[in-house]
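> Read off the chains here:
2 protein chains.
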Amino acid sequence: MAVKLNFNSALVDLSMGAGGKAMNRLIDQLMRKAFANEYLAQNEDQAILPKLNGKLAFTTDSFVVSPYFFPGGDIGSLAVYGTVNDLCMSGAKALYISVGFILEEGLPLKDLKKIVYSMADAAKTAGVKIVTGDTKVVEKGKGDGIFINTSGVGVIDQNASVSHQKVQGGDKIIINGNIAEHGVAVMSKRANLDFMTDVVSDAIALNGLVEHLLSQNLNIKMMRDPTRGGIAATLNEWADKYHCSIVVDEATLPISQEVESACELLGLDPLFIANEGKLLIVCSNEDSQSILAHLRKHPLGGNAQIIAEISDTKTQGVQMKTAFGGMRRVDWLTGEQLPRIC
Amino acid sequence: MAVKLNFNSALVDLSMGAGGKAMNRLIDQLMRKAFANEYLAQNEDQAILPKLNGKLAFTTDSFVVSPYFFPGGDIGSLAVYGTVNDLCMSGAKALYISVGFILEEGLPLKDLKKIVYSMADAAKTAGVKIVTGDTKVVEKGKGDGIFINTSGVGVIDQNASVSHQKVQGGDKIIINGNIAEHGVAVMSKRANLDFMTDVVSDAIALNGLVEHLLSQNLNIKMMRDPTRGGIAATLNEWADKYHCSIVVDEATLPISQEVESACELLGLDPLFIANEGKLLIVCSNEDSQSILAHLRKHPLGGNAQIIAEISDTKTQGVQMKTAFGGMRRVDWLTGEQLPRIC
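These protein sequence lines are chains Y and G, in that order.
What the first sequence shows, in numbering that gives the first Met the number 0, is residues 0 to 341, in sequence order.
What the second sequence shows, in numbering that gives the first Met the number 0, is residues 0 to 341, in sequence order.
One or more hints might be untrue.
Any copy will do: because identical chains look the same in the list, a pair fits if it lies in one copy or spans two.
[What the hints assert, rightly or not] Capping the alpha-carbon separation at 20 Å, the derived lysine to any residue pairs in SDA-like fashion look like this:
| no. | residue 1 | residue 2 |
| --- | --- | --- |
| 1 | K141 | E257 |
| 2 | K139 | L217 |
| 3 | K240 | Q28 |
| 4 | K139 | G126 |
| 5 | K141 | P338 |
| 6 | K50 | R295 |
| 7 | K20 | Y241 |
| 8 | K54 | E43 |
| 9 | K50 | Q157 |
To be clear, the hints were calculated from the coordinates, so they are not data collected in a lab.
In this text, all values refer to a predicted model and were calculated from it rather than measured experimentally.
Take these sequences, add in the hints, and give me the full structure.
This is the structure:
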């Protein structure tokens with residue numbers, strides 16, 4: 000008769016990562032139950048999955064967010080959504096997720112259980128399966144509660160994908176809604192200011208929205224979810240990669256009053272703050288209004304806006320037309336404004 | 000002109016995980032150079048890979064081994080070989096690897112560089128490509144130098160795979176060589192006893208050996224690499240999963256004199272100690288001699304032995320026929336004999 004783990008009061012200990020009975024007990028009584036599916040039930044060191052009919056998309060992300068519970072989510076749901084979003088930004092249909100836990104000795108099993116079930120719920124929301132996993136435990140003081148790696152596999156349907164057409168002057172950049180909510184939610188919790196603000200993380204799976212857009216045969220040149228480093232990082236990466244100039248129109252940036260206030264309070268620039276439920280879309284000027292209209296009809300795109308334009312000038316980089324009519328350079332994040340935000 | 004990182008004396012800092020300029024600099028100057036391949040060069044949050052002609056194998060493992068340099072290897076090569084081996088145990092051809100780094104602030108860039116190039120070499124040895132990655136940094140005291148997650152994707156060729164035939168009484172279990180070398184190498188280094196022993200880790204990619212065996216149309220019922228928890232863990236998992244009894248013959252266990260001595264010194268039981276270049280094969284009695292012969296002709300199987308038999312008895316579990324002719328139960332590892340061995 001297997002010993003039942005006490006998920007109310009027990010703590011993670013080193014034996015739970017040692018490959019023996021204690022580890023198998025934890026996995027049997029928690030992960031296998033929460034994530035249950037036919038592939039995980041193979042109960043091997045690898046999952047064997049059906050042949051895919053198309054190119055493969057493959058991605059990985061480790062999550063070290065602190066604190067691991069924050070307004071609007073937790074490290075578990077974030078780890079699932081983050082990887083699903085990285086897959087779907089390529090136009091791939093997200094299918095399978097792997098999970099690697101690095102637990103710190105002393106982590107309450109109660110917290111671990113909550114996080115694992117949050118991952119299971121997020122996977123259900125996103126329509127993906129968690130098919131293989133690994134659990135390690137490090138000594139107290141050698142980790143920070145919990146780190147999670149998720150990797151993901153998806154398939155690309157050539158009939159509904161991004162076009163990868165050449166970026167050119169006049170192209171528009173669209174965002175599906177308000178910026179900076181994830182980062183501000185985490186930072187306000189970390190600074191114990193969450194009582195002063197109602198900002199919750201925007202972390203959510205974007206694959207439903209993306210699949211909807213692609214099924215409409217809209218001509219999307221490319222997409223990216225502006226997470227760490229915020230929209231400033233994504234726009235600068237694009238400017239570097241495509242040797243173009245991008246001009247952001249500050250007046251069009253969708254941002255809530257709460258987030259603006261919290262940013263002032265915390266001394267943060269919303270352009271550099273991570274989003275976990277937003278995507279940036281590049282498309283031609285001609286296609287921009289119809290993409291915008293489709294976005295706005297979707298629950299995750301109600302506040303979509305055209306926020307920037309690829310400029311014809313030869314100067315490479317990102318600039319912002321400010322609300323006062325001036326222009327200022329938007330550089331990469333150079334310092335460490337927001338460590339451990341995801 | 001991009002600032003050149005000083006890989007001789009600089010340390011990892013938080014900005015290198017913040018999604019901004021410093022992170023991109025590190026990735027450009029180190030990971031992209033070391034791992035260079037056409038898929039990584041896509042330079043996106045996901046790799047797009049060719050369509051696979053067969054079922055997919057997918058696996059993940061996080062590596063937290065301490066110390067991260069040990070006799071015979073390091074956390075980098077271990078992370079590549081471990082995931083390649085998990086893929087090939089299913090009969091899959093290992094193809095693509097993802098890597099997620101969790102770095103602790105203060106890690107010498109010199110050490111990181113050595114580990115990254117060790118991964119690149121290991122990938123070359125194993126014939127796989129590192130196609131996508133992620134880098135996070137946690138504050139000093141919230142990690143332990145470096146943790147690495149690798150996930151892997153492989154394809155199953157139906158013409159050269161494991162048979163998954165039913166395990167039955169009389170079946171043999173074969174190992175490809177000496178046991179307990181990885182765990183003893185790490186533990187002796189950790190206990191500062193490495194000056195007393197020449198034991199080096201057996202960590203190596205097994206996919207070449209496995210592909211060789213499968214190409215010979217040998218009837219292999221199943222395979223597993225006995226890593227954490229040692230061969231005791233793998234045999235107990237099999238006994239549980241297939242409701243069978245397994246009898247190990249102690250006299251046949253291949254083990255070097257150095258490893259035996261080190262185990263005595265460190266108070267370790269070699270049956271519970273991790274291997275990182277060994278596999279256990281289950282096959283029928285009739286097929287066992289020909290599989291053994293093929294193993295022994297391969298560089299990674301010179302000391303292969305038949306070490307155990309599936310017994311006809313109805314008692315479930317693992318027993319060992321000792322060198323003195325008695326029988327003793329071989330249970331799972333119950334405690335934490337070997338934390339952070341991989």
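> Now tell me, hint by hint, if it's right for this structure.
Consistency of the hints with the structure:
no.	hint	in the structure
1	K141 with E257	neither (36 Å within a copy, 31 Å between copies)
2	K139 with L217	neither (51 Å within a copy, 47 Å between copies)
3	K240 with Q28	between (47 Å within a copy, 16 Å between copies)
4	K139 with G126	neither (35 Å within a copy, 37 Å between copies)
5	K141 with P338	both (18 Å within a copy, 12 Å between copies)
6	K50 with R295	neither (36 Å within a copy, 34 Å between copies)
7	K20 with Y241	between (53 Å within a copy, 17 Å between copies)
8	K54 with E43	between (25 Å within a copy, 16 Å between copies)
9	K50 with Q157	both (16 Å within a copy, 12 Å between copies)
Going down the numbered hints, you'll see the structure goes against 1, 2, 4, 6, while the others check out.
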